Amino acid sequence: MTAHDVARALPDVPVLRDLCRSMAMVEAVLNPDGERYYSFSATRSQTEETASMRNGAGDEFDIVFCEAGAYLRGFDHESPMSPYVNDVPWPGVVDSVPEVFQGCVEEPAFTDDGVPRVTACIWREAGSERWQAGEIDFPEGHADPDGSGWLFQLLLDPAPEAFQRFAEAYYETTVDIEAVREVYALRPLSRKTVRALNSTVPFATVADEAASIGYAIGVDLSA
Numbered sequence: 009m010t011a012h013d014v015a016r017a018l019p020d021v022p023v024l025r026d027l028c029r030s031m032a033m034v035e036a037v038l039n040p041d042g043e044r045y046y047s048f049s050a051t052r053s054q055t056e057e058t059a060s061m062r063n064g065a066g067d068e069f070d071i072v073f074c075e076a077g078a079y080l081r082g083f084d085h086e087s088p089m090s091p092y093v094n095d096v097p098w099p100g101v102v103d104s105v106p107e108v109f110q111g112c113v114e115e116p117a118f119t120d121d122g123v124p125r126v127t128a129c130i131w132r133e134a135g136s137e138r139w140q141a142g143e144i145d146f147p148e149g150h151a152d153p154d155g156s157g158w159l160f161q162l163l164l165d166p167a168p169e170a171f172q173r174f175a176e177a178y179y180e181t182t183v184d185i186e187a188v189r190e191v192y193a194l195r196p197l198s199r200k201t202v203r204a205l206n207s208t209v210p211f212a213t214v215a216d217e218a219a220s221i222g223y224a225i226g227v228d229l230s231a
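Here the sequence shown stands for residues 9 to 231, numbered as in this note's numbering.
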């Protein structure tokens, strides 16, 4: 799989945003204090929101949601397309990114010494009917040359069960599937759902996280 395959399979921007918020909300309940795999910031700036993945081993992705559309960059540190190989991004990966997203390409948090830290890049301008990626000659002999196949796996599988499998493997614990389904359905977060996912986390802590994610809290906090 490559960025081209992911671009054909990604859902529309609002659907992707909701999925990212759901993933981040479930993980915020499971792991309120530690470094998280998936996160979402609804308060990045007045005009931008960001979904992120960090696996702690140097692999990552970020999705910037803004008025111009959405910009997705992924980095697989073991990819043969890594900019650390030749000190520049692989030809075609960011060469045709529209001007409206150049600020994302050059974002200091996404670069090292001014070089974009990216092996896969996909974008969708507001009003466009499809996601796009650059014209790229991928290195031969690699089933997943840019890391897209595993970096964006959960973005292409919106089933709550997919996230449950990930979370149970990553955190080595049992994850309540009904609670995950509640969050994936974007139902306002209740105490019952929080308790099902993590019986020890204070609800106030989760409420603060929900605010930063932009996820609704139930009106009846006793539920």
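What the hints contain is simulated information worked out from the structure, not anything from laboratory work.
Hints are not guaranteed to be accurate.
Just the calculated beta-carbon pair ranges, DEER-fashion [claimed, not checked]: (1) 95 x 137: 32 to 42 Å; (2) 137 x 199: 37 to 47 Å; (3) 148 x 199: 32 to 42 Å; (4) 143 x 225: 25 to 35 Å; (5) 161 x 136: 35 to 45 Å; (6) 117 x 186: 30 to 40 Å; (7) 225 x 108: 14 to 24 Å; (8) 135 x 13: 16 to 26 Å; (9) 199 x 92: 31 to 41 Å; (10) 106 x 20: 15 to 25 Å.
The structure presented is a predicted model; accordingly, all values stated were derived computationally and were not measured.
Think of the CB as a built atom: it goes at the ideal place given N, C-alpha and C, for glycine as much as any other residue.
Hint check results:
1. 95 x 137: 32 to 42 Å: 36 Å, holds
2. 137 x 199: 37 to 47 Å: Because 41 Å falls inside the window, the suggested range holds.
3. 148 x 199: 32 to 42 Å: 54 Å, violated
4. 143 x 225: 25 to 35 Å: Once the Cβ atoms are compared, 45 Å apart, the range 25 to 35 Å for residue 225 and residue 143 is violated.
5. 161 x 136: 35 to 45 Å: 24 Å, violated
6. 117 x 186: 30 to 40 Å: Roughly 36 Å apart at Cβ, these two residues keep to the hinted range, so it holds.
7. 225 x 108: 14 to 24 Å: Given a distance of about 34 Å, which is not inside 14 to 24 Å, the answer is violated.
8. 135 x 13: 16 to 26 Å: 23 Å, holds
9. 199 x 92: 31 to 41 Å: Since the Cβ atoms of residue 199 and residue 92 sit about 46 Å apart, the hinted range of 31 to 41 Å is violated.
10. 106 x 20: 15 to 25 Å: 18 Å, holds
Violated hints, in rising order: 3, 4, 5, 7 and 9; the structure is consistent with all others.
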